[in-house]
Each structure stands twice: as C-alpha cells, then as structure tokens.
Amino acid sequence: MSVSPEGESAGPLVLEHRVLKSLLGAWALAACGPAEAEAVEEHLGTCGPCADEALRLREAVGLLQRPESLDLDPGLRTRVLRSCLERRPPRIPVPDWAASYDAETARLDALLQDFGDSEWHAPVRLRWYESDEASSRRTTVAGVIAHLLTVDGLVAVALGLADPLGTVAAARRTPADRTEAYWRAAHGPPTRSVRAPWREQSHALVRTVSFTGGGTGRLPVSYGDYELPLRDAMLDRAFECWVHAEDIAEAVDYPYEPPSGRHLHRMVDLAARMLPAVLEHRRLHGLSSRVERRLVAAGEPGRSLRLEIEGSGGGEWLIPLDSPAAKGSAEHEVAHVALDGAEFCRLAAGHVPPREAAAGQVGDRDAIRDVLFAAASMSRM
Amino acid sequence: MRGRSFTISGPIGGAHCHKGACALIRADYIREITGHTTDPGTDQPGRAEEQGVWGRMPKTDVPPRWDRKMQQRLARGEAAALGELYDRFASLVHGLAHLVVGDERAADAVTRDVFAHVWEHPESYDPRQEPLRTWLATLTNRLAVQRLRSAGTAALARGGPGTAEDLERKVRHASVAARADYIVQSMPAPLRAALELAYFQRRDYRQTAADLGVTDDEARRRLRLGLQLLATAHDTEAPGTSPGIGGAA
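From first to last, the protein sequence lines stand for chains H and Z. In this text, residue positions in the first sequence follow this note's numbering: the first is 25, and each later residue adds one. In this text, residue positions in the second sequence follow this note's numbering: the first is 9, and each later residue adds one.
One thing to keep in mind: the hints can contain errors.
[To be verified] So, partial list: chain H residues that the calculated Cβ filter (under 7 Å) puts toward chain Z: (1) Ala52; (2) Leu81; (3) Leu96; (4) Ile116; (5) Pro117; (6) Ala130.
[Unchecked claim] Here's a subset of chain Z near chain H, in silico, CB distances under 10 Å, partners left out: (7) Ser99; (8) Val122; (9) Phe123; (10) Asp189; (11) Leu205; (12) Phe208; (13) Arg210; (14) Thr216; (15) Arg228; (16) Leu233; (17) Gln236; (18) Ala239.
These aren't lab readings, by the way, just hints derived from the structure by calculation. C-beta atoms are modelled at their ideal positions from N, C-alpha and C, and glycine is treated no differently.
Given only the sequences and the hints, what does the whole structure look like? Please build it.
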C-alpha cells in the first residue's frame, strides 16, 4: 500500500506525485483523511495539471444527484404507441386480439421494474375454484412469474417457439401440471432471474402473432384438456397476466389498476362466450341446479341470462343457459345479473366467492347461481 | 424499497469524451471491472459484454445485434418492435426528459416526440455509429431542451419574468444535469458503487475500499475515474452537431 495510514507520522505527509494524483477523486469528494487532503491541497499550488483536474472533478461532484424514483404513468405506453402509429401506420401491425396481452405484460413488467429481492420473494397465495371450493397454492412473486412463463409457454409451443419447460416433463400439458413441473425442476425457489425469460417470451409471442397469426388467429392452442383458438388464448393470457399482477401488487402492497376499458371488455367477452360451454360441462358432471332444460334446435333462441357489466369496458351479454348451441335471446330472458367489470373478472379468476359476487340480480335464482358458479369454475391456478 | 435500477451498458454521455478523460480511462480497465458484473433486473442483461462499454470507441466495429435488429424491424414498420423499444427505453427517455423540462406532462410529451421520431425516421439511426441507447439519450436531451427553450421563450414574449440570458442559463443547466444523470446511469457499476458510497453515504475512500472489498488504491482509482466520466457532462457539443440525429422534429 502506497499511502501510510494517517497518524503514524508526526510531520506533514509527504507523498509522491503519482499518489497525489490518484487521490484527486477522493479529495474532490472529501473522502480522504485530513493529512492527505492537506498534502493534496499543497500540491495543487505547485502542479498545474493536477490543479486543473482537481477543479474539474470538484465541479463534477456538484452534478451528483440522488436518482429520482419516478414511476412512469402506465397509461403513457398506450398513448405514445397510438400517437406513433397514427403518424406512420404500421406495415406489420399487432393483431387487435393480441393488444390486451401486449398491454398487460408491459404493465406487469413495469410493476416488476424496481423490485428488490424482498419483493421477489414476497409470499403470494394463488387462488382459484375447484369443484366449487376455493383452492389455493402458496408461492412467491418470482413463483408467479414462473407460472406465467410456463403457461404462456402453451401459446409459444402452439406457435412453434421454444417451450420454456425445455426438457422438463409435465404429467399433463395443463397449466397447473406444467407449473408444478417447472417449480419442481428448479434447483431452488424461483428468483428474479425468471423475469427476463418471461419478458422475452411475451415479446416473442406478440412479435410472432404479428407475423403468423395475422387476421384470423384460429390456430388451436392446447391447454391439455381443452383448446382455445389463438386469438382467445392470447386474451386468456392477458387476463391471467392482469389477475396475477394484482396478486403480486397485493403481496407487495402496491396499487394496481384494472385494464383499460377496451381490454377489459374483451376479457369479459371471452368469459361470456365461454360460459355456455362451461354450463354444459357442469351439467354433464352434475354440478348444476336440477332444472328442466328446454332444449331448442341449434342456432335457435333459448332460455337466457342477461349479464350486464357496468363501468368502463362494460356491456351486455345474453348467455344461453340450456345448451351452448342455442342462441342467447332477449325474449327468453329468465334472469338478469349486473356486476362491475373488474368484479366479474375477479369472479372468473376465482378471487371472489360466487355467492358474494353479484351486485344486482333479478329473476331465476337457480339460473343465476349456475352462471355465477360456472364463472368461478373457469378459474384455475 | 423502490429504487432506480441502473444499467451498465452504453457509453458515456453524448460520447463526446473529454480528451483528458479518454486518455486516462482505459477501456480494458473498464472491461476488466465490468466483465463479471451483471446487474439482474436491468433492461439489457449482458449488454456490457455484447457491445463493450465504449460503444462509440472505434474498436468494436460490429454494432450490437439487438440495436441493429431493432432498427431493421422499425424500418420494416413492425408495430411489435415499437412496443419493445418503448419497454426497454421509456423509463430512460422519460427520466432524462423530466430532468430537463422538470414537469411530468412536458416529460410525457417529450417521450411521445422521441418515440414518434424514431418510429417515423428509423433510418436516421445508424447502428454503426453508436448504441441505440446513447442515440436515444442524445435525441431526448435535444428535444427536451427544445421544448424547455420554446416554452421559456414564449413565457418571455408574454412578458414573463427574467431575461433571455437567464433562460439560456437555465436551459444549459438542465441539459448538463440530464447528461450527468445519464452518465451516472451508464457508467460501469463498480464506479457507480464507489461514488454512491463516498458521496451519498459519506464513507471515506478507505471505508469505501473495505465496503467494496478492493484495495485502497483501487478505491481511489474508481472515485477518480467516476468523477472524470461525470465531468464530461459539461462538455456540451454545439447545437446541431450531433451526428446521430437527422431532422429531429
């Protein structure tokens, strides 16, 4: 070590030019000892180049400032991109049905931006309904991102992209089995390192559907025991992304807004379109009320429930109750349920008990019960 | 704890290095101290290795792949590329703009203008010249300064307080502050860590050395180097001479 510790020598510190020069940064920051500072200052009176540098470094210290921690307005992304695309229409647009996924993954990524280790390892309880009972599974924020990565991977596989599970084998290709397999295969609990592959994959999905999914989006995406067309799968993944972003935000005590009205509307629409098939499935498994069905010919109007979604992104949907093949019909309306859009989505995500969900209901109570339970039963891990 | 996460990659400031500083700062030294440093959670993992810290120094002639691809995708008119560009750089652009214009809504407007410029004129960025990150930072600074100056000029014309000289001083001060912020964000993490300890936590250089697990010599070196880089924020280029930007709106 070239500088003797202070206090050892009684007289003024004598240092070589090389050492004095090396001290200039510490001196400018007032981060050297008094004897060293004195030696530097004495030197500056006699050495022009060092004096110039010292002045320059002192001025630089004045430029140091605490980094401001500004959260970007999450709505800015949509506004900026829209403004750009209006000025120069894209030759390769992001399909309309992928816009929600694009927006929701960007929002979640922005939430994760400044997370430290304590946030990444904060406990999260995933909640859903199974056999009409509330189920849950404990994980962490990083575990949730791993879950999104593996389930988004179903879409990646359908598009011919790499499977994030790699060589890890899941019992079945269902979201839950894939997630459990991924968690099990890891050497330790998931960490923040899962963010980059999740984000790369979500960007790759948006990019790929822009080229290959264009327009139709009918390519089937397998969820193990059922399939969705690509366009609905992307909406479903946007929905899941938001739901789990809320789980994460709650776990780290951050505010998180529902999706924009336009995106929320599409998510509600997906759920509303899936409800008739879910009702049918539940009927086959004895999970619905024992009511007399009134079957009608395919495409004919059937007994219906009016689902009224209030607030931004809201609207009205007529849900055929007795068969997915029947057409929803205002003339055959037997019940009317009114809920807030975000509340309906939380119901469909299994975060709200069906009995407590409806804000307003009129008409056939069994029909209402069946629809609300069917909505909750669409949730999964 | 919500703090800003910094990125290691990218060259310094507008890449107009002070001659003295450039002569003193050896790129191999920088690479040596950054080579093993990865900052998980940054927007550009692994970028320091990919492009070298001195993107502007004419020794790595291959432009970084990501930047080149991005430029091509933007030129092709791929909307998904614009989204990715925003996701990677929006907080940098908005933060720098905010430092100059000092107001949330004006910073939003600058952010919009910056991305609109890139989207409308992707060909004005040349990946062989400099990293996209530097180019965007320079563009942001310029558009933000323009906005601050025109708002100030309009206020003066309405009979607002101050003089044209006051305004110029304010503009210059804001621009230097934003460049300094960018330099701190872009400098190698070990230098930033040393400055952080010595300045914000008031550790002397020996304590800084101990905290970082390096020799006293090394701590002195990092503090000096960090300040030398920061000092280049004062080396403003004359308006309109930045080679990377053509026809900024």
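Broken hints, by number: none
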